[in-house]
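*Asks:* Take a look at the letters that make up each chain.
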Amino acid sequence: MSSLNKSTFFRAFLSYLPLIILFISVFNEFDFNYLKIENFSFNFVYILIFYWTLRNPDSLGYFSIFLAGVINDVVIGIPIGISSLCYLILCAVTAYIRNITLSPNFVKDWFSFLFTMILINSIQVIILDLIFLIEINYMSYVVNTGFTFLFYPIFFTVFNFFDQLILQKKND
Amino acid sequence: MATGRDDFVIAFRSAFLKKKDKQKFSLLSLILLSIVVIILSNINFKPIQFVKIGINEIIYRSSYIASKPENYLQELTLKIKNHINLFENYKDIKLELENLKQEKITNNFLKSENEKLRNLINENINSDEILAKVLIDRESPFLKSIILNKGTKDNVKLGMAIIDGVYLVGQIIEVNYTNSRALLLSDLNSKIPSVLAPQNIQAVVSGTGKDYGIIEHTKDDIVEDLNKIDSIIYTSGLGGLFKPGVPIGKISKDTKNKVNFFSDFTQLNFIKIVSFSIGDKN
Chain A
1 MSSLNKSTFF RAFLSYLPLI ILFISVFNEF DFNYLKIENF SFNFVYILIF YWTLRNPDSL
61 GYFSIFLAGV INDVVIGIPI GISSLCYLIL CAVTAYIRNI TLSPNFVKDW FSFLFTMILI
121 NSIQVIILDL IFLIEINYMS YVVNTGFTFL FYPIFFTVFN FFDQLILQKK ND
Chain B
173 MATGRDDFVI AFRSAFLKKK DKQKFSLLSL ILLSIVVIIL SNINFKPIQF VKIGINEIIY
233 RSSYIASKPE NYLQELTLKI KNHINLFENY KDIKLELENL KQEKITNNFL KSENEKLRNL
293 INENINSDEI LAKVLIDRES PFLKSIILNK GTKDNVKLGM AIIDGVYLVG QIIEVNYTNS
353 RALLLSDLNS KIPSVLAPQN IQAVVSGTGK DYGIIEHTKD DIVEDLNKID SIIYTSGLGG
413 LFKPGVPIGK ISKDTKNKVN FFSDFTQLNF IKIVSFSIGD KN
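Taken in sequence, the protein lines are chains A and B. Using the working numbering, you'd call the opening residue of the first sequence number 1 and step up by one each time. Using the working numbering, you'd call the opening residue of the second sequence number 173 and step up by one each time.
Simulated from the structure, these hints should not be mistaken for lab results. The model shown is predicted, which means the values in this text are computed figures rather than measured ones. Cβ atoms here follow ideal geometry from the backbone N, Cα and C, with glycine treated the same way. Careful, some of the hints might be misleading.
Unchecked claim - Distance ranges between label pairs, derived from CB positions:
| no. | chain 1 | residue 1 | chain 2 | residue 2 | range |
| --- | --- | --- | --- | --- | --- |
| 1 | A | Leu150 | B | Asn298 | 47 to 55 Å |
| 2 | B | Glu285 | A | Ile123 | 35 to 43 Å |
| 3 | B | Lys273 | A | Val158 | 38 to 46 Å |
| 4 | A | Leu133 | B | Val223 | 18 to 26 Å |
| 5 | A | Ser122 | B | Leu289 | 49 to 57 Å |
| 6 | B | Lys196 | A | Asn99 | 15 to 23 Å |
| 7 | B | Gly226 | A | Asn99 | 35 to 43 Å |
| 8 | B | Val223 | A | Phe161 | 39 to 47 Å |
Start from the sequences, fold in the hints, and give me the full structure.
*Replies:* Structural data, given as structure tokens:
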């Protein structure tokens with residue numbers, strides 16, 4: 001009985017894991033700034049949303065993603081709604097890719113991710129710079145996009161492992 | 173051709189409008205909601221501002237709790253680094269202490285002389301200080317700001333200066349009921365009227381988005397002067413927001429107009445929120 005409860009809890013925990021990681025990361029803003037590596041930053045949330053909405057769309061609700069965007073805006077201090085819009089555009093692209101793809105291909109997904117990041121970062125820059133007149137460092141966006149693109153395969157492997165585990169537990 | 177376009181329309185419509193079993197909202201409705209929120213946050217409408225303050229209050233407190241593990245990791249990294257460099261630091265600090273002792277004697281004389289001169293012109297600088305704790309110091313690659321645990325209930329107002337020890341670190345840009353946000357000097361949007369000593373040049377210290385600042389609004393020949401000797405930058409007091417003479421940073425003669433801030437913005441725990449008023453004794 002106890003092992004059954006434990007197993008049910010573990011299964012529920014695993015199914016909510018992407019959501020938990022999403023909220024922890026927007027509250028926390030994993031940036032590794034304290035390592036003081038100049039010109040280094042990556043957007044973990046983009047990778048997380050892109051992977052899970054593409055591979056297992058049931059694990060992240062669109063409203064949760066919208067809420068995560070609002071939290072991210074408040075934490076980093078940009079006008080509310082901008083991150084939500086960017087995250088949802090990311091979801092729209094993954095939904096489109098899912099609809100047009102029969103068999104998933106890692107390399108195609110990886111380059112679609114780069115294209116999407118360029119698109120959403122451009123939208124963010126336009127809104128911040130031209131509408132809200134907030135001065136921003138364009139180079140930071142380029143560096144951030146580059147490192148996020150490079151880190152995608154690493155997190156893809158990790159998330160893939162968790163996805164397999166979730167599927168396995170679901171089928172048990 | 174028509175089939176290809178139809179496929180695109182079907183895929184597009186399905187992506188934006190179709191809800192999956194577990195999705196309660198369609199993507200299109202949430203994207204529209206985001207756009208409405210962005211537009212509303214750009215409007216200075218009182219009820220929206222109250223909602224915004226409420227959201228800020230909840231999220232700042234939650235973020236403070238969620239950041240605890242990462243902050244612990246950060247402190248641990250720092251402790252290890254300090255431990256490794258202990259002996260080298262000891263030698264440097266010993267030398268620096270000797271120099272500071274000598275400088276202090278001269279400074280005491282200058283301080284009393286300055287007070288006498290201010291008394292002569294009947295000028296008085298009043299300052300109010302509020303001690304605050306840094307709740308969140310998320311230095312995003314795009315915006316450099318910190319969240320403090322004091323807000324309107326503690327009489328914090330927009331534009332007040334943030335001081336770490338004796339060094340300027342930024343100014344208040346957003347005030348909520350129990351907390352506030354301060355923009356750091358390193359942010360691209362930070363512009364501080366300042367004066368360079370010993371050259372006595374008026375300039376503006378601007379953030380770069382990195383951990384140093386630059387000098388703006390000076391003539392080219394003045395910038396050439398900066399390359400001859402090391403300069404210390406103080407607030408000039410122009411604009412009336414900051415007390416004149418608060419140290420900001422240093423420009424080494426080899427680094428052209430690059431300002432190295434005195435305070436380390438990644439190590440801020442407790443700071444002072446300060447307001448100044450300059451007037452005569454009465």
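*Asks:* State for each hint whether it applies.
*Replies:* A quick look at each hint next to the structure:
Between Leu150/A and Asn298/B the beta carbons are some 54 Å apart, a value that agrees with the proposed interval 47 to 55 Å. Distance hint check for Glu285/B and Ile123/A: the Cβ-Cβ separation is about 58 Å, which falls outside the suggested range of 35 to 43 Å. Between Lys273/B and Val158/A the CB atoms are about 55 Å apart, so this pair departs from the stated range of 38 to 46 Å. For Leu133/A paired with Val223/B, a C-beta distance near 23 Å keeps the hint of 18 to 26 Å intact.
Judged by the Cβ atoms, the range 49 to 57 Å given for Ser122/A and Leu289/B holds: they are separated by roughly 56 Å. Range check, Lys196/B to Asn99/A: Cβ separation about 20 Å, and the 15 to 23 Å hint holds. Judged by the Cβ atoms, the range 35 to 43 Å given for Gly226/B and Asn99/A holds: they are separated by roughly 38 Å. Range check, Val223/B to Phe161/A: about 41 Å between beta-carbon atoms, so the 39 to 47 Å window is met.
Of the numbered hints stated above, those contradicted by the structure are hints 2 and 3, listed in ascending order.
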